[in-house]
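Chemist: These are the residues of each chain, in order.
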Amino acid sequence: MKPKKKRLLKSIVACAFAASMLFMTGCSSQEDVSKGKIAVIVKSQSVQFWDDIRLGAEDAAAELGYEIAYSAPLEETDVDGQVQLFRAAIDNEEVKAIVIAPSDNGEKLNEVISEADIAGKTVVTIDGAVTSEIVASFIGSDNLAAGNIAARAVLAELPARMGKIAVVSHTQLASTGNDRLQGFLDIIEPACASTAVTETGDPREQTMSVVDIQSCDSDPEKAYQIAKEMIAANPDLSIFYATNEGSAVGVCKAVEELGMAGKIKIIGFDGSDMEQSYIRSGVLTGTVVQNPYTMGYLGVRYADSANNGEHVSERVDTGVLLVTKANIDNENVQLIMSPSKAE
Amino acid sequence: MAKNTEKQSGGRMYLVAGILFPLIIGLIIAQVVMVNNAKDSVLDESVAADKAIYTIKEELVEINRDVVMIIGGMGDTQSLITNIHNSFDVIRANMSDFEAIGSHNEIEMKRYRQAKLYILALDEALIDYEKQLLSGSLDMNSARNVYMQELAPFQTTSIEMFNAVVELNQEDSEEMIQQAKVDSSLTLGIIIVLFAIGEIGIIVAARIAKAQREEVSRKERQAAAADIKFQHSQEKINEVAYTNILTGMKNRYGLENDIGEKLETTQFNIAVFDMDNFRSINDIYGYDFGDEYLVQLAEKIKSEFGFFGELYNITGNEFCIIYNREVSDFQAQKYTQDIFNTLSSVYNVANIGIQLTVSAATYHYLAGECMNLSALLVKMDNAIRNVKRSGGNQIIVVSGMQ
Chain W
1 MKPKKKRLLK SIVACAFAAS MLFMTGCSSQ EDVSKGKIAV IVKSQSVQFW
51 DDIRLGAEDA AAELGYEIAY SAPLEETDVD GQVQLFRAAI DNEEVKAIVI
101 APSDNGEKLN EVISEADIAG KTVVTIDGAV TSEIVASFIG SDNLAAGNIA
151 ARAVLAELPA RMGKIAVVSH TQLASTGNDR LQGFLDIIEP ACASTAVTET
201 GDPREQTMSV VDIQSCDSDP EKAYQIAKEM IAANPDLSIF YATNEGSAVG
251 VCKAVEELGM AGKIKIIGFD GSDMEQSYIR SGVLTGTVVQ NPYTMGYLGV
301 RYADSANNGE HVSERVDTGV LLVTKANIDN ENVQLIMSPS KAE
Chain B
1001 MAKNTEKQSG GRMYLVAGIL FPLIIGLIIA QVVMVNNAKD SVLDESVAAD
1051 KAIYTIKEEL VEINRDVVMI IGGMGDTQSL ITNIHNSFDV IRANMSDFEA
1101 IGSHNEIEMK RYRQAKLYIL ALDEALIDYE KQLLSGSLDM NSARNVYMQE
1151 LAPFQTTSIE MFNAVVELNQ EDSEEMIQQA KVDSSLTLGI IIVLFAIGEI
1201 GIIVAARIAK AQREEVSRKE RQAAAADIKF QHSQEKINEV AYTNILTGMK
1251 NRYGLENDIG EKLETTQFNI AVFDMDNFRS INDIYGYDFG DEYLVQLAEK
1301 IKSEFGFFGE LYNITGNEFC IIYNREVSDF QAQKYTQDIF NTLSSVYNVA
1351 NIGIQLTVSA ATYHYLAGEC MNLSALLVKM DNAIRNVKRS GGNQIIVVSG
1401 MQ
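Protein chains in written order, with this note's numbering: chain W, 1 to 343; chain B, 1001 to 1402.
Please keep in mind that the hints were generated in silico from the structure rather than gathered at the bench. Be aware that a few hints might be false.
As the list claims (entries may be wrong) - 27 Å max Cα-Cα, derived DSS-like pairs, lysine-lysine:
no.	chain 1	residue 1	chain 2	residue 2
1	W	K164	W	K228
2	W	K37	B	K1110
3	W	K35	B	K1181
4	B	K1051	B	K1039
5	B	K1236	B	K1334
6	W	K35	B	K1236
7	B	K1131	W	K325
Source: prediction; values computed, not measured.
Chain W extracted, bound-state conformation (with noise of 0.2 Å):
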């Protein structure tokens, strides 16, 4: 072959086998653009309801081609911290949208949600509500029902509609605080007034009362501390109420250190792994369970479809669960519980 021809064919070769090159990295780019980020802040880092809310706001993420920017102050009473981490979350240019558990009802919180809006970043509140009405959906339990729930679980541990009833809420900045406090006593005060009449009608002393409601400021000392004062001033206490998971641990501490489990009944809230732990050794009674992963992961979902101009429900409750040592071990309650073994 001449020297001519020879080159001729090699270049031929050369082109065609660019060309395939060509095609498959051409081809092979089918990767996903990231979408953006959506930013998740949520009212502390220590409590495992919020990891659960990580969890199921990283898997809408990774269905929907964005990446999460997960912050939170240290106390669930940081509002402040909470203000800093939403604003600097609207300073990122590359987050979309802001998915927020507020830690209050919206004196600090509308400001800094109406500067999102004005930037053009979608908001989203789960696990507890804000009074602005710019929100494009409030996705979390219903926390008046869970207040109920727990009410009616309470009443179900008084039958004989006798006893003393102790509350330690987790606080009163915060929606959830204040709805599971209303809802319970919504319930319950009507039942403990109605004990003050007889069968007959004829009045007499309430048999069933609610004897204090503190705050611990969702610190499981302080409620420890609380409870061990509330039990030392009533002996003959029944039944406690627990609004959140760090009122419940510390409220299960201190009756269990006093060795007046079964004795004295609790009913709480959420399902830690702590809880659940009290739940089988009978300290804790009953705990309203809620559905933390659901509201991560559909505060997400919302987020991206409000932000592309979606119609979405402005309220989506989650619904909670009462969970007992009846059906603590029941599949389906255990994977709602640690929606991490659903994986």
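Chain B: place on chain W using the hints.
Modeler: Relative to the frame of chain W, chain B by itself:
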């Protein structure tokens, strides 16, 4: 021979190209059909999955409606509860259908398992709830509250999760179809590239073969041309050999060359003329003068008698004519006399009048008489010698060969 095989191999290559072409087309068509089939099956499965989930959601709505009716005291509680059970059976059947479809990816299945979880939780909660409803321990308000607070959220959550499954399923199907298209395009691309390389290769090879063939032809033509040249030069050489350089007439070798066959096969009339005392011209006037005289003689008889036969200058001063076939014996005699006269006329050579006499012999040759020219010429020469002995200037008719 070489030409043939090369033409064959060139043809063979085009045959290969010709076979390759429909083969490649066939492959391309097969690819396209495969992609379409893949697309169809992906779409079929996607549709089946969507249908299953849609049915599940519809049944959940039915269940909700039935419960609301029970709470509201509308319809027969027992039959509504039976409806609810039936709805769950349908839901379970459709969940099996969904799970039976093999093409779901991991993310989709994860979401589906979550959705299923809430359905199962709802199923269990409903069992308790039904018991409470049937026992009448719940008043309408409480029944509603319990349902809305404790059961409905499971439904809502599972529906949300199922919606997500449907979305993921659609994305997944699109991706699979896209991937199939990409794979197919890639394969097609490679096939086309290989085909192009193949065809180009064949074309290049064919061109090379053609070039080689042309080279051979060129060489052959060159050789042929050389052959012709050789022949021409050979002919030229022959010409020189057969021609008397001086007079430009064919010489004895030419006669020998021309007469060879005739001796065997033909009769002809031949006359030979020999100039008398030519040597004296050379002696008196020089060879140049003599040459000039011969040239004039040759030209004269050429121009006057060349038409009637082939003239030869067989030696310096000897001429010969082989009369053409058309010339009769009588005419031949006459022409011989004319030539005799012409040759013995006066010629002006370098302003000197020259005249010589001629001795001539004629003969009517019969085919096969002489083996060769020499034999014939000896005869003629003998006759001429006789004429010269008797003083020359005479034509003698040679009679028969002895």
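Chemist: It remains to establish, for every hint, whether it holds in the given structure.
Modeler: Cross-check of the supplied hints:
For the suggested pair K164/W and K228/W, the alpha carbons sit about 15 Å apart, so the restraint of at most 27 Å is met. A distance of roughly 22 Å separates the Cα atoms of K37/W and K1110/B; the hinted pair therefore holds under the 27 Å criterion. The straight-line distance between the Cα atoms of K35/W and K1181/B is roughly 24 Å, inside the 27 Å bound, and the hint therefore holds. Proposed proximity of K1051/B and K1039/B is supported: the alpha carbons are some 18 Å apart, at most 27 Å.
For the proposed pair K1236/B and K1334/B, the alpha carbon gap of about 35 Å is over 27 Å, so the pair is violated. Taken as a hint, the K35/W and K1236/B pair is broken in the structure, with Cα atoms around 96 Å apart against an allowance of 27 Å. A distance of roughly 20 Å separates the Cα atoms of K1131/B and K325/W; the hinted pair therefore holds under the 27 Å criterion.
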